[in-house]
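A.B. asks: Generate the whole structure from the sequences, applying the supplied hints.
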Amino acid sequence: MQTNLDPYLTKQLRCVVLVEEKLEFFLVYEELLIKWNKVHNLLSKASLSHILTHHFLDSLSILPYIKGDYVLDVGCGTGVVAITAAQLGARVTASDLTPELVTRARENSAISGFDIDFQIADVEQLPYENDKFDFVLSQFGHMFAPRAELAVAEMLRVLKPGGVIAFSTWPPELLTGRLFILTGKYGSPPPAGVSSPVDWGKVEVIRERLGAKVKHISFHRAQYGNPAMSPSHMRILLEKYIGPVTAVVKRLEEDNPDKLTLFRSEVDVLLGEYFENNTVIQSYLMTRGIKL
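Counting from 1 along the sequence shown, just add 103 to a position and that's the residue number in the numbering used here.
What the hints contain is simulated information worked out from the structure, not anything from laboratory work.
Fair warning: there could be bad hints in the mix.
Calculated lysine to aspartate or glutamate pairs in the EDC-like style (CA-CA distance at most 16 Å, straight line) [unchecked claim]:
#1 Lys394 / Asp218
#2 Lys263 / Glu307
#3 Lys394 / Glu311
#4 Lys316 / Glu356
#5 Lys316 / Asp234
#6 Lys170 / Asp237
#7 Lys263 / Asp234
#8 Lys235 / Glu252
#9 Lys263 / Asp302
#10 Lys353 / Glu342
#11 Lys263 / Asp371
#12 Lys235 / Asp172
#13 Lys318 / Asp302
#14 Lys343 / Asp358
#15 Lys170 / Asp218
#16 Lys288 / Glu369
#17 Lys305 / Glu342
#18 Lys394 / Asp237
#19 Lys305 / Asp220
C.D. replies: Written out as structure tokens, the structure is:
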């Protein structure tokens, strides 16, 4: 059917339709972009963790020997170390105190096609028999146990004589250790008798805690670049994904917004010291020893 619309009106209508189509396109594009950014952040985080884990196992001379051995991943989080060890042929058990992380670890393991025994467990009271594992590993996990002496005693209890204990921790003088200290300044003070996670980044403290039950203790330092567009961009990621930072932000949002602004400013300054070429440089300490 033909219509006798004014040519000018027809042109205007076409412009409206075109604008609406473009607007709809950009709205859809923006939604897809947001979804992709979320996926990309997760994939980048998983890929980075996987690289760190391989470096951890390789630097501590674990990679060539892990196949067929019994491995325990303590404070396993989402299961990156456990799954990597399974990929290398190890028989893996893993534990974490946080149920949500264990659920994620089980999902990741199922996606990867590995049968890993994930359990909700406290490193201060591990549900495993004595002398069970050839390797007891922890990548930034066991260091959060409030009673360090109990944690290391349990890790050594379940390790076979001649077995390897190995872990990664954050030194107090470098970025993540300093971030924990800064977060502690703005957060609630820990209960009496609770050890600080950053103490696990001190060589002399590690030697003391491992004591006479471990021989051939060795240390390695390494670093990696965490992708970020700016220090404040990295801080936003920390607020979303790092528990202690998230807790401080949530508390200050409710109780003291001005203090929250100051906290964020201090975090940005700290991150700026380690920001290079769109990455935030994070350094860590790796420890390896053999149980007597």
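A.B. asks: Could you tell me which of the hints above the structure violates, numbers in ascending order?
C.D. replies: 1, 2, 4, 8, 9, 11, 13, 14, 17, 19
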